[in-house]
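Visitor: Let's have the full structure, built from the sequences with the hints guiding it.
One letter stands for each residue in the lines below.
Protein chains: 2
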Amino acid sequence: MTQTASLTWPLIQQARARIEGRVSITPVLTSATLDELSGLKLHFKCETFQKCGAFKARGATNAVFALSDQEARHGVATHSSGNHAAALARAARLRGIPAYIVMPDNTPKAKRDSVSRYGGQITYCAATLAAREATAREIVAATGAAFIHPYDNLMVMAGQGTAAAELLEQVPQLEAIVCPVGGGGLLSGTAVAAKAIKAAIRIIGAEPAGADDAARSFESGQLQGAAHPETIADGLRGALAARTFAEIQAHVDAIARVSEESIVQGMRRLWEVLKIVVEPSGAVPYAAVQSGYAGLEGRHVGIVLTGANLDLDQLPWSPRGAGR
Amino acid sequence: MTQTASLTWPLIQQARARIEGRVSITPVLTSATLDELSGLKLHFKCETFQKCGAFKARGATNAVFALSDQEARHGVATHSSGNHAAALARAARLRGIPAYIVMPDNTPKAKRDSVSRYGGQITYCAATLAAREATAREIVAATGAAFIHPYDNLMVMAGQGTAAAELLEQVPQLEAIVCPVGGGGLLSGTAVAAKAIKAAIRIIGAEPAGADDAARSFESGQLQGAAHPETIADGLRGALAARTFAEIQAHVDAIARVSEESIVQGMRRLWEVLKIVVEPSGAVPYAAVQSGYAGLEGRHVGIVLTGANLDLDQLPWSPRGAGR
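As given, the protein sequences belong to chains A and B, one line each in that order.
For the first sequence, the positions run 1 to 324 when our numbering is used.
For the second sequence, the positions run 1 to 324 when our numbering is used.
In case anyone wonders, no lab produced these hints; they're calculated from the structure.
If you're wondering where the values come from, they're calculated on a predicted model, not measured in any experiment.
Ideal placement from N, C-alpha and C gives every residue a C-beta, glycine not left out.
Do not rely on the hints blindly, as some may be mistaken.
Computed, partial: chain A to chain B, Cβ under 10 Å [what the hints assert, rightly or not]:
#1 Thr33
#2 Cys46
#3 Ala110
#4 Arg117
#5 Leu274
#6 Ala308
#7 Asn309
#8 Asp313
Listed next, the in silico SDA-like pairs over lysine to any residue satisfying Cα-Cα at most 25 Å (straight line) [as the list claims (entries may be wrong)]:
#9 B/Lys41 to B/Glu166
#10 B/Lys41 to A/Pro27
#11 B/Lys198 to B/Thr8
#12 B/Lys41 to A/Asp113
#13 A/Lys109 to B/Arg269
#14 B/Lys195 to B/Glu166
#15 A/Lys109 to B/Thr30
#16 B/Lys109 to A/Pro316
#17 A/Lys109 to B/Ser31
#18 A/Lys41 to B/Ser116
#19 A/Lys198 to A/Glu20
#20 A/Lys109 to A/Cys125
#21 A/Lys198 to A/Ser6
Guide: Here it is, written out as structure tokens:
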């Protein structure tokens, strides 16, 4: 697969055509109660209802189907803490090729089960980026599988951008979109897609304060490492790649940090009011908006609820979950 | 309000016109995973996303707006363990009249809060039907409010029937509908509406085995009391009224009993797979279908997910909730 230097709107449009019928068009929910609480008009893009329960189905499906037959014939491989893993396993099964998945051994059971359900072949490793990368390299060497990074991959980034493209067709009046940032695949795709459609729109990343490498990179202009991420939002512990950082620098307006407390409160409120299941990572942009992130008064704001995969035995407000 | 002897399809059609724009048209969800597990084609009517988080908004809104100005001028009153209470408070607020709500003092906090949020005036009483009825009578005598029973009321029953009418427009191929039965308002309305639209459709009530007055009444042909209902499905502890029993005898095909364990398992699976919040009562019809209720192989089955209001601190699979 040819990886051009940067993410473009045509790549996202191609992704949309490629994944059509293979992923869901997800609904947008609104709530008078949440509007009243925030003072904004909020439009929740429910990727919680996406295939595999997360937006990651978009990027993984685009990447798998963008491979030539020659590139795809030995299958695909990745390392991922969860949602990308399940999404890649599902996309590989749709294409009829094997998927080799490297997962940290502390991955929540719900996320392990989804990979197995789609026939992904799991290899466990220590919960460090170095161990994940080394194990994945070994598997690629042994199998000849095509490596599909969870976010440092142009086709993945293009696929993630389709959510914002879809959202802006559903809610053309949006003036801002807030989405979580971990490795930056979704934020890159969102920014490129949304600004191509509507140049004046504001794009804001939301990040746990305990895993704020994107905010630090954005503020300093230099790519920063993840150091020791500490957050309940397990999907957002990764660090930006050079490729995603470049798009974020070029197209994103701000990155907001949110506290752990506001993530848990926000998640709970989304469950109580919207009546849907949202994982901690998915609640981060709502937490950013609700905790008063500046500059958004009275506006139509799109919030990407990115995923809904979590252990129901480990809810952060339950006694067992509270120890996390 | 004139209460004719029995529920008719024209009353449900009138209800639909009356509540249009005042309640939500709720979505229908499907899941390949749940179809595979059940061997059926399941269509979930998500009244979990209804106003106030439950189908009760339909009946309460119809009843409140069916009152003449004269009847409505002193407000409305009811006794209810929760969802009807919030729905009546909301409907009264829409009409600009007071709502007096009698609730048992063990009502979950989430349900109390929703009544207060809509401006309902709560009076607590002991958690027995006798205490609820006596307290409500006193309030009606003191205020002159119109009493709107949670299910023993033709306009409420007609309103509840609109969910099935809507569902059959959304999924015309349905061959059966399963819905929970507590007091029988929803089941009556569902049966009358669905059979008017499609005479051959099967209508099945689902009830906790620990609160099986409807099954006992149905089987014996004699209205049975609720005795001592014991179930986590707090919305289904009520007993049939003569009025709802008559409709159920005339139009319902079967009533299935489900175990407490299957309710909790079913509820959890709906959360995990559909990614939505469903309260225990709402999971009862899915539990009935999943636990192998006979005669439904391969069919298109509509399942009414009736509500989504519960204390997130009291989930039945959490240590604190397990003691319930």
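Visitor: Which hints, by number, does the structure contradict?
Guide: Structure breaks no hint.
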